[in-house]
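J.: Residue numbers (this note's numbering), protein chains in the order written: chain R, 1 to 334; chain B, 1 to 139.
Some hints here could point you the wrong way.
Said to hold, decoys possible - Which stretches of chain R does chain B cover? Using the computed rule of at least three CB atoms under 8 Å from a CB of chain B, they are: (1) 97–110; (2) 153–161; (3) 169–182.
Worth flagging that the hints you see were computed from the coordinates, not collected in a lab. Small disclaimer: the values here were computed from a predicted structure and weren't measured. The beta carbon of each residue, even a glycine, is placed where N, CA and C say it ideally should be.
Residue-level listing of the chains:
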Amino acid sequence: MNILGLETSCDETAVALLQVQGDNFVLPINLVSSQINLHQKYGGVVPEVAARAHVETIFPLLQESGLAADGSGVDVIAVTGGPGLLPALRIGLETAKALAFAWHKPLVAVNHLEGHIYSPWLSAIKPSFPALALIVSGGHTEIVLVKDHLNYQIVGATRDDAAGEAFDKVAKLLGLGYPGGPAIAQQAQLGDPASIPFPRPMSDSGDFDFSFSGLKTAVAVYLKQHPEAPVADVAASFQQAAVDILVQKTLAAVKKFQPQALILGGGVSANLHLRKTLGESLTARHPAITYHVPNLEFTGDNAAMIAAAGYFHAQAKRFVNPVTLIASPNLRLK
Amino acid sequence: MTNITNSPAETQQIAAQLAAELQGGEVILLNGELGAGKTTFVQGFVQALGSADPVRSPTFTIMNIYQADHPAIKQIIHLDFYRLAETQLQDLGLDEWLGRRDTVIIAEWPPAGLDWAGSRQIKIQLSIHSEQTRQIIVS
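Excised from the complex, chain R in its bound form (with noise of 0.2 Å):
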C-alpha cells in the first residue's frame, strides 16, 4: 500500500510518501519545507510561522516530490486533521481533500500526537502491544498507553509548558539562540550537571503530569540572583533536571502498566541525553521491555510518521469524508 501523508499543523510544511509491504516501511518521498531552500528556489520570503508559508510550500513541495500528478501510485491520503493552528491545519486538509476528490482516492485523518507515536514504525524493529509513549516537543509533553493500533489514553501530560518550550525558553535566558534545544544539548556537554540543584518539579505528586514552568522561572530566578553564573553549567544542570523528571515519570508509568514496548518520540527525542538515559534506565529496569527511537531525521515534525499513521488507519478502514471532514484545532487522543 503507497500512503501520500500532509502535515502543516505547525511551523513545518511536509510530504511524504511511504510505501509498505509487510513489516517493510519504504519512503521514496520525503520532504520538509525547513530543510530545503524553497524562497531561495520559488522566491518570495517564508514567514517563520503563518499558515501563508503553508500556502506558498505545499504545491512546490508537492511539484518538487516529483509524485505523477493525476496522482497514479498513491493508494491513500493521509492528512494531520489536529491538533493545531486552524488556518495552518486547513492547508493540509483543503489540499489533501482537493486531491481525495480529484483523484478518487481514500482519505484518512491522522492526529498530530499519533503521527509520533507511529514514528519508530519508520524504522526495521517494531514495537509490540501495549506500549507506552513518551511524546516530548516544543508544543507537547504527554505520557501515552497504547494498548493496540489507534487504541489511546493519555495517563500523563505537562500542566503549562511543554519540555521542548523549556528548552527554547531557558536557551533565551542564556542567549544561546533558536532553536534552544541544540543549543542548550552542545552546553550542556561543557558543563556540569551537578553545579546548581535546579528543582525537579511534581516529582513527588504521584501522578504521571509535569510541570516544566516552574523549572524555567528557578532558571530564570538563579540567573538574577548570578548574573555571571557559567552558561555551561547552567545549561547542563537544567538539562540535568529536565531528563530526570522525565524519564522518572516515564518509568514509574512503565511500572505501572507493564508495557511490551517503550516508545520515545517529537523534537526533544533528538536529545542525545534523554535518549541515552531513558535507554539505559529502562534496560536496568526492565531489561524485557524493547525501547523505540525514531532516526534522527523523524523526531521533528515530519509527513512520514503521518503516513505511517494513516497506513494502520487505512487498514482499519478508518476512512473519513473529503467533503465533510474540516480541521480540529483541539483535536484529543483517544
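Given the coordinates of chain R, work out where chain B should sit on it, guided by the hints.
T.: Just chain B, lined up with the frame of chain R:
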C-alpha cells in the same frame, strides 16, 4: 493599580478578581519577562471563568481555546505571540472571535500596534521581584 503577590496562588487571585469584573468582549494584554507568571495568571483567570479545561502554554501552539461556564462569557481565547515576529491577527484565524460579547481574549507577549477591532483592552504587566514575589500592574 499595582499589586504585590507572594505566591502563584496570590497571582491567581489577582487574575480571578479581574475575571470577576469582565462583561465579555474584552482583550487582556499580558506582558512580563520569562518566569514572571503569565501562564500562572492565565490559569487563575480561566478557572475563575468557570472553565475546567487544562491551561497550557500556547507558545508553540499559538492559540488555545477554553470553554467557560459564565453568564456572559462562553469561551476564552488564549494567545501567545512569543514566537511570532510580524503577525496580523487574520493570520491566526481570529476574525471568528474578535469583537464577540461571548468571548474574551487573553494574549501573552502582544506586539504593539495590533488592531483589536475596537475591543476594550486591559493591560497587565508582571515582573519578578524575588524568588516568590511578583509585581502585577493592571491598567
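J.: For the region 169–182 of chain R, do at least 3 residues have a Cβ located nearer than 8 Å to some Cβ of chain B?
T.: holds (count 3)
J.: The region 97–110 of chain R covered by chain B? Criterion: 3 or more residues, Cβ-Cβ distance below 8 Å.
T.: Coverage by chain B is violated for the region 97–110 of chain R (0 residues, Cβ < 8 Å).
J.: Is the coverage entry for the region 153–161 of chain R by chain B consistent with the three-residue Cβ rule at 8 Å?
T.: Since 5 is at least three, the answer is holds.
The structure shown violates just one earlier hint, number 1.
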